[in-house]
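Protein chains in written order, with the working numbering: chain A, 218 to 432; chain B, 271 to 591.
Derived from the structure by calculation, the hints contain no laboratory data.
No experiment lies behind these values; they were computed from the predicted model shown.
Any given hint might turn out to be false.
[Claimed, not checked] Within a straight-line C-alpha distance of at most 20 Å, the following computed SDA-like cross-link-like pairs (lysine to any residue) qualify:
(1) A:K395 to A:A379
(2) B:K332 to B:T491
(3) B:K440 to B:R467
(4) B:K370 to B:I462
(5) B:K453 to B:P463
(6) B:K541 to A:A269
(7) B:K400 to A:G396
(8) B:K400 to A:F403
(9) A:K395 to B:Y399
(10) B:K370 to B:Q455
(11) B:K370 to B:I353
(12) B:K370 to B:V360
(13) B:K453 to B:L363
(14) B:K400 to A:D394
(15) B:K400 to A:A398
(16) A:K395 to B:K400
(17) A:K395 to B:L397
(18) A:K395 to A:D230
(19) B:K400 to A:F397
(20) A:K395 to A:L221
(21) B:K453 to B:G441
(22) A:K395 to B:T491
(23) B:K440 to B:S454
(24) A:K395 to B:T398
(25) A:K395 to A:T383
(26) B:K541 to A:T273
(27) B:K400 to A:A400
(28) B:K453 to B:A361
(29) B:K453 to B:V369
(30) A:K395 to A:D223
(31) B:K440 to B:V456
(32) A:K395 to B:L395
(33) B:K400 to B:W413
[Stated by the list, open to error] Partial pick of chain A residues on the chain B-facing surface, computed with a CB cut under 10 Å:
(34) V258
(35) V261
(36) L264
(37) F267
(38) L283
(39) V290
(40) V351
Just so it is clear, CB atoms sit at the ideal spot from N, CA and C, and this is done for glycine as well.
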Amino acid sequence: MNVLLDHLPEFRDGFIGTVLLTAASALLAMVLGIVMAGFRVSPVPPLRFFGAAWVTLFRNTPLTLLFLVAWFVVPAVFGSGMNPWTKALLALGFYTSAFVCEAVRSGVSTVPLGQAEAARSLGMTFFQTLRMIVLPQATRTVIPPLSSIFIALTKNSAIAGAFSVTELFGVQKLLSDKGFAIAPIFLWVALGYLVVTFTISGLFRLLERRLEVAR
Amino acid sequence: MSSSVLYDAPGPNARVRNRIYTVVGSLLVLGLIGFAVFRLADRGYFAPEMWDIFNYAGVRTKIRDGILSTLLVFAVAAVLSLILGALLAVARLSDHRPVKAVATGFIELFRAIPLLITIYALWVLFLTYKDDLGFIGESSAYWALVIGLTVYNACVQAEVLRAGVNAVPKGQVEAAYALGLRKSQVMTMLLIPQAVRSMLPTIISQLVVTLKDTSLGYIITYAELLFAARMLANNTIVNDENPYVPVVIVVGIIYVAMCMALSSLATWIEKRGRRAKTGITPAAAAEPLEAPGVLDAGGGPLGPRVEGGPEGTDGPVGKKN
Chain A
218 MNVLLDHLPE FRDGFIGTVL LTAASALLAM VLGIVMAGFR VSPVPPLRFF
268 GAAWVTLFRN TPLTLLFLVA WFVVPAVFGS GMNPWTKALL ALGFYTSAFV
318 CEAVRSGVST VPLGQAEAAR SLGMTFFQTL RMIVLPQATR TVIPPLSSIF
368 IALTKNSAIA GAFSVTELFG VQKLLSDKGF AIAPIFLWVA LGYLVVTFTI
418 SGLFRLLERR LEVAR
Chain B
271 MSSSVLYDAP GPNARVRNRI YTVVGSLLVL GLIGFAVFRL ADRGYFAPEM
321 WDIFNYAGVR TKIRDGILST LLVFAVAAVL SLILGALLAV ARLSDHRPVK
371 AVATGFIELF RAIPLLITIY ALWVLFLTYK DDLGFIGESS AYWALVIGLT
421 VYNACVQAEV LRAGVNAVPK GQVEAAYALG LRKSQVMTML LIPQAVRSML
471 PTIISQLVVT LKDTSLGYII TYAELLFAAR MLANNTIVND ENPYVPVVIV
521 VGIIYVAMCM ALSSLATWIE KRGRRAKTGI TPAAAAEPLE APGVLDAGGG
571 PLGPRVEGGP EGTDGPVGKK N
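Please work from the sequences and hints to get the whole structure.
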């Protein structure tokens, strides 16, 4: 308890850092993941291939390696003007986008083919079909896996702390380097992560309930 | 081609349009890759000297040692996590309330905490009590990594196994009890074998995660592949620069190759299992879901697909009941 009270600013900054990093990279992962899912279901072979290569590459690469890539290879390509936070954002966002892509893609492919055929036979245009028939159904199936992807993202963001980004793991590292007993620090930091992950799963459960329809 | 809900079989106009998109798309993708390669080449990262370092025996030995220590951690953690996972799954399915509560608490706790936090805490703990721990204290980074990986992955594997056990048709258990089998016999002869069989793709996919997570050893300075590579690049200077880019690329290829070999094994088993007519379809070769409580519904999102369910699903989706 004393460790928490005496170092409340560190813990608070760490907690905010974790929340911000998670939210920002979740956003990046959503955008990239949806684009890649679009590529993977598109009728254009090179884009499909690119999407598949993207997913295979990022799913089979350890996140720590991606952090090293962000730290050493990205500056070599784009110049070295990036701060650690942006690099961590890129590593986490790109890694998670592969999982988002797969979730979205399988969400789209769970919509029965007949639904779209019926929509087309009613004379709906492509975008009407997408907006009114396919997307609402796909969204509902995608929500449970997305929730777990973002929980995994929260936990993965801990690696950023090891690469000198202010977040909860950084706090654990900092305080244990200062010589405080590890057990209480561990408990408080773990509690911080639990708060974030339970918030995410709660939010998504709420979303799921609101979008639920009898099928 | 009309297998997608998103578009119809293309007519002549659409085919021409698709061909245009194909050309534009390929040019864009190639352009992106070309840009990266050009910039790297511009900085001199593709100079022959940069890549010549991999011809030295010392460099190769370091990378080989890195791979070996990565594989050593992976092998030990994989075996231990499967054993502990099976024990935790059985404990969580136990009829004895306290046993069940302890197992549930343990699983939920360690599944929700980032693995890195656990590993780091263990490492600091082992370093603090170095002298009292005997063989663990002597290689504290190794044991922190192995124990951390074991605990976390065992919790996930336990949940996977439990989902598999829950997916076994109830009639089989009732039949077994009717034949006079004890609970332990039902578990070992009936439930666990079928759970393992149907969940094998998911179990192997989680092993891929274990393999990827061995790279967390980098952070606690355990000399696994990534750390060895970083040290290698740190201590080498070619053309007045550290060869980070070539080393990261080579090590990346090694990691992707190792993980892809394991993932394709999972996919192969999934495809093979779908051919079998056992009535229990294997789970998709995807990582298990992480949300607390998501695995509770037997045959839920993670569970084996129900016969006659949506065709062509590629991920662990499906309506939660």
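Okay, the hints, checked on the actual structure:
no., hint, result
1, A:K395 to A:A379, "holds, 16 Å"
2, B:K332 to B:T491, "holds, 15 Å"
3, B:K440 to B:R467, "holds, 17 Å"
4, B:K370 to B:I462, "holds, 17 Å"
5, B:K453 to B:P463, "holds, 14 Å"
6, B:K541 to A:A269, "holds, 18 Å"
7, B:K400 to A:G396, "holds, 15 Å"
8, B:K400 to A:F403, "holds, 19 Å"
9, A:K395 to B:Y399, "holds, 17 Å"
10, B:K370 to B:Q455, "holds, 19 Å"
11, B:K370 to B:I353, "holds, 18 Å"
12, B:K370 to B:V360, "holds, 9 Å"
13, B:K453 to B:L363, "holds, 11 Å"
14, B:K400 to A:D394, "holds, 16 Å"
15, B:K400 to A:A398, "holds, 15 Å"
16, A:K395 to B:K400, "holds, 18 Å"
17, A:K395 to B:L397, "holds, 14 Å"
18, A:K395 to A:D230, "holds, 17 Å"
19, B:K400 to A:F397, "holds, 16 Å"
20, A:K395 to A:L221, "holds, 14 Å"
21, B:K453 to B:G441, "holds, 15 Å"
22, A:K395 to B:T491, "holds, 18 Å"
23, B:K440 to B:S454, "holds, 16 Å"
24, A:K395 to B:T398, "holds, 13 Å"
25, A:K395 to A:T383, "holds, 16 Å"
26, B:K541 to A:T273, "holds, 18 Å"
27, B:K400 to A:A400, "holds, 16 Å"
28, B:K453 to B:A361, "holds, 13 Å"
29, B:K453 to B:V369, "holds, 15 Å"
30, A:K395 to A:D223, "holds, 13 Å"
31, B:K440 to B:V456, "holds, 12 Å"
32, A:K395 to B:L395, "holds, 14 Å"
33, B:K400 to B:W413, "holds, 12 Å"
34, V258, "holds, 6 Å"
35, V261, "holds, 4 Å"
36, L264, "holds, 5 Å"
37, F267, "holds, 5 Å"
38, L283, "holds, 9 Å"
39, V290, "holds, 5 Å"
40, V351, "holds, 6 Å"
The structure meets every hint from the earlier list without exception.
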